[in-house]
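So the protein sequences, as listed, match chains A and B.
Using our numbering, you'd call the opening residue of the first sequence number 1 and step up by one each time.
Using our numbering, you'd call the opening residue of the second sequence number 1 and step up by one each time.
None of these hints come from the bench; they were simulated from the model.
One should not assume that every hint holds.
[Stated by the list, open to error] The following residues of chain B were derived to be distant from chain A, with all beta-carbon distances above 10 Å:
#1 D221
#2 D361
#3 P436
[Claimed, not checked] If you anchor each label on the Cβ, the simulated ranges turn out as follows:
#4 A/T124 with B/D357: 51 to 61 Å
#5 B/Y504 with A/Q114: 10 to 20 Å
#6 B/T117 with A/T73: 21 to 31 Å
Note that the Cβ used here is the ideal one computed from N, Cα and C, for glycine as well.
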Amino acid sequence: MRVRVRLRGTAAVAAIATTTAALTVAFGGGLAGADSFNPVRLAITIAPVARLAKPLAITVNVSADAGALDTATAPLRIRAKLADECGGTFDTTPGPVLIDEPLNPQPATGQAYQATGHGSGDPTAYGQKTVCAFLEEEGDDRQFANDTVDPPMVDVSKPCTLAAARYDAARKALARAKRQLRHAKRRANRARLKKLVAKRSKTVARDRRAARSACGPGVPL
Amino acid sequence: MGAARGSMGDIRDPLDAERLQATAPDAYHTRREFLQRTAVTAGLAAGLGLVLDPDTVVAEAARRQRAHQIPSPRNLPIDTFVVLMMENRSFDHYLGWLPGADGRQAGLTFTDGQGQTHSTYRLRDNYQGCGFLDPDHSWQGGRTELDGGRMDGFLRAQSDVFSIGYYAEPDLPFTPHVAKAFTAFDRFFCSLLASTYPNREYMHSGQSYGMMDNSLPFSPDGELGFPDTTIFHALSQAGVSNRYFFTDIPVSALWGAPGIARSSQVQTYYEQAATGTLPALSFVDPAFNGEDQGTSGDEHPHGDVRVGQAFVADVVHAFLESPQYKRGALFIVYDEWGGFFDHVVPPRVPDLRASADLNSDFGQMGFRIPAVVVSPYARRGYVDHTIYGFESILKMIRYRYGLAPLTPRDLFANNIAAAFDFESKPDYTPPALPQPPEVMSEECSGSMPVDSSGNVGLDDGTLLGSPITGLPTIQPPAPLERPKPHDLDTMLTSGYLERLHFRYRKATPSTMFRHPSKLGLSG
């Protein structure tokens, strides 16, 4: 499993909702002020189709209302896996990791928050998979948000994987033929290789179209 | 549409799409989402099908649309919420067989304190578990069962093999039917890894006021009850009607006199449901007294689960037949797992009294419970996999009526409104659900239980789990001492209810059920 991650974020000051003061008094300062439908939101961007054992990129946008993450007592991590079904926690969700990184920067007290994390992981099995994303605290894995309400689905597609593999093979074969052509001295050999390159170029174009058709535009080929 | 077509030309060309993705990924994704939505709304899915499988396009577009389908609070077509909370059953134990759900029943094994391994087994017609221990569902017992997330300690807590028994679909007369007919939840965790009182306190208020067990709220100055920070109080402050309906013992008494003041006997629920005069929020509770003796009607061991099932059926049928059903939602939940096995690790979540130390962490949710929502807006025959807790119901009620969060619990909870289908036309036709016979529990006798499978209870504290036949009747052992009694009758026996001037009446068929006379049962 390879995981590549990059995080960038910005913390923005926002007005604390008017309810904060009252609630803070009522609950000893432990309760955040704002309360939208989901005070902490995880928005996931991911291709709906993926190749087996090839990097599947994910982008997770974390946004939170002012004060909504104030109760965190340890660094928060954005975590996501590709699973048949989401577990109750990141740790107990089976499947390859797509992202598991600390938020950067960490949220500041009383401020609205927004950050975007990028990662990728390699699907390990074919079929319809669910992206299970969690915002959890380091240490005791306390869960501040999850994206199990409306999780994106990814089809780890066999037709896509096979078509893309054929395209990969065709590209490699074409590259090999071109290399041979560059080093060929004899005229007859060059003529043969030129024909071979032309033929393989057609194959590459055909396989590329087939792979695109099978995988859709979101899958890198 | 012109812009849409022009944009579509970009990504229908794989090379253009790839270039766009490489150079401006955000623009690429934004444009793609726009196109997918447009494709669906304008019936152009076939065009996009050149690059994406049509099913993928439609599914993707539908999914993205679904994320935005919750109406604004004012337009949420639910005016009547009913929460029916039964007692002490885990998801796997009751609904582990449910198609489409993450459940496990047969084939699991657990090791007891002596190192013996026992397999899960079907309880079949053992409806009470007389003679078995009431499975351990205390604060500490739950942590033993959790075992650091291994979920293998169910026989190492103060429990016997009853805790690893389960009911298959045909064994229960009502819950399986309603779970299959409406939306069931397979990631609904009770709020706290603890016993009845604290979990019911979370259901009412999103906290247990620091209570880890079934202690009663006596304050040193003689005041009775917790401060009234409940959803009921919040609704009343906002001018929204609400009522708590008890059968024999009112849990609302935990909030002292104000709790009692908002309480009515469950017969009033039946009457108000029939006349369409239910308040905006109703909590309904079963008959609690007699859990130890086996005469309660709440499905708590050792009460006969058929009694509780008949009660659930009555409450649900009353709701389905009510004029308020058309704009209503009834949640059937269980207060906690009751010490029965489950295989899904519960999350730790933000809480007023969260602690890094698991032994004092109120943010540790309890194990999964059976949970179902009944509503014309509930998806029929559907299993929702979203993580929910009691606070998720509070959150939906708060959302509907514009109330502030009660505690961090409901602030951070997933709003269970997301489980409903507010996009499709509501289905007002109630499904055909059974009317289980209204039976009353019989007291557990002193004999050792041997169910129809030959599973036996414990002998002198030793766990016996394998099917054994032909055993003689054995006297059950004395119940193990626990730090606090598990059942709700302490409110009665301690004189707590009397001090609140609550007049207790024993539950009878005529006080529990809608139409007890039709079976010839008398009060």
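Okay, the hints, checked on the actual structure:
{"no.": "1", "hint": "D221", "result": "21 Å, holds"}
{"no.": "2", "hint": "D361", "result": "7 Å, violated"}
{"no.": "3", "hint": "P436", "result": "32 Å, holds"}
{"no.": "4", "hint": "A/T124 with B/D357: 51 to 61 Å", "result": "36 Å, violated"}
{"no.": "5", "hint": "B/Y504 with A/Q114: 10 to 20 Å", "result": "55 Å, violated"}
{"no.": "6", "hint": "B/T117 with A/T73: 21 to 31 Å", "result": "39 Å, violated"}
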